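Chemist: Protein chains in written order, with my numbering: chain A, 169 to 444; chain B, 169 to 444.
If you're looking for bench data, these hints aren't it; they were derived computationally from the structure. Treat the hints with care, since some could be wrong.
As the list claims (entries may be wrong) - Residues from chain B that face chain A, not an exhaustive set, calculated with beta carbons under 7 Å: (1) A210; (2) K217; (3) P219; (4) L332; (5) E334.
Since the model is a prediction, treat every value here as computed from it, not as a measurement. Idealized CB from N, CA, C, for every residue including glycine.
Number of protein chains: 2
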Amino acid sequence: MSPKERSAPIGVFDSGVGGLTVLGGLRAVLPGEDLIYFGDTARIPWGIKSPQVVTQFSREICRFLERKGVKAIVVACNTASAAALPVLEQELSLPILGVVRAGARHAAQVTRTRRIAVLGTEATIRSRAYHRAIEAIDPGLRILGRACPLFVPMVEEGIVDGPLAEGIVEHYLGDLRGEEVDTIVLGCTHYPLLADVIRKVLGGDLQVADAARTAAMELKDLLEEQDLLNPSLGPPSEQFFFSDRTPAFQRLARLILPGIPEDMERVDVESEDFRS
Amino acid sequence: MSPKERSAPIGVFDSGVGGLTVLGGLRAVLPGEDLIYFGDTARIPWGIKSPQVVTQFSREICRFLERKGVKAIVVACNTASAAALPVLEQELSLPILGVVRAGARHAAQVTRTRRIAVLGTEATIRSRAYHRAIEAIDPGLRILGRACPLFVPMVEEGIVDGPLAEGIVEHYLGDLRGEEVDTIVLGCTHYPLLADVIRKVLGGDLQVADAARTAAMELKDLLEEQDLLNPSLGPPSEQFFFSDRTPAFQRLARLILPGIPEDMERVDVESEDFRS
């Protein structure tokens, strides 16, 4: 690989700001790499939408990142990883990596009871992408999928503990008690903020699969294999693009990534320029 | 007005399927009119987004409806009525009407304690559009605004009664008890499905302002004034367009409008054709 390609940035995208948790994982595991983040806050959320629409939005964003000169793309969004990744892998010439396989791998490693609960959006659970990924690793594992559509809006509302948060978690997950599940996959970028309340409601010694960090380690292996690691010793740069900006999004972004700059750029995803 | 203009359909749009409640109101009040409905399910929800983005999406849909030959447009979405209507009124040559003024008028008519609570999305409440509309009718009325971001996803989840629904309503509205509020404006198309649980939690003799029916009556007056009522005696036609289709959307659409046809058309809002 040429030095130019090695020093190119890594692109990360998500339906909104939740994918900043994955960017945090990349920072920790690949501290020398430049990063470009895109959050599609104008069209968020994706978890209630069809695979066709999620694939279309993802494809547009990948083209945007390609025009920005990235050397690889991380799909930080679980819904897009589940619904769009196979198509994107075929269409793109760049390496592209999702969070589903990473989450599946981590869960398969840590479970002892061999029963794993996968929590995600309706689209992610309906796609059965985690089921397939976990079964590909070990077909003997038992997987229970649970769509939890209120989890994203409650996190965006800051309802992450207290009686109401516990009531919502109980509504979706109460029936998992007695199922001998010892490992849960938080299959949506917002869900790590609910890990504590989920542990409190379900009790016991629950393992939580961390897709963000596992995905970053997978990407590191892949960049090494393809001789694409950035040899630069200078401080890495980060750029942030969002398709909409509101006070609530900015609040959540700062909650996930305290140092995020104020001057995030707004990209008009409805413009000719973006879609061409 | 020419017979052709009079027999043209009325366009109705919303961020999703909730605006079908407004279409129901139009059916009841204007049974001879043809209707074209557009629900932007690919980019739903709008209530968490900026006025710029909501205006842009609304503008694109109005152009689509104009190309379909509508004689008037009803903005069934409260967020778009609050954030985009003033701009759309200036840009369009057609009569266009929102739901905010209608809801405000109904509330001002029915309150006796002269204290009105307006419930809506974050964008609707932040815009203060209901405050301005109610104050324009009677500046002596006291208005309490409450953004209730979990109400839309809970309705879409079918959580409209029971302890969890009551807990969420209590979270947002519990502090209204003791405020002598006797009238609430359900300032979002989904909220009418929560009227019963809100009445149960708040207790007392609560009046609920019905923007859907009031907006239909306003439109009827306006069409009469402009000599645009459809003189046809044939059975009216209805067309439905959505930018995305999922089983969950279709389930909710049938819940609101039981007779809605199965063959709703999907419009690609990302295509050149739609945006030109």
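Chemist: Now tell me if each hint is right for this structure.
Modeler: Results of checking the hints against the structure:
1. A210: Holds: closest Cβ of chain A sits about 5 Å from A210(B), inside 7 Å.
2. K217: Since chain A brings a Cβ to about 5 Å from K217(B), closer than 7 Å, the hint holds.
3. P219: 9 Å, violated
4. L332: 5 Å, holds
5. E334: 10 Å, violated
In summary, the structure is inconsistent with hints 3, 5 from the numbered list given earlier, while agreeing with the others.
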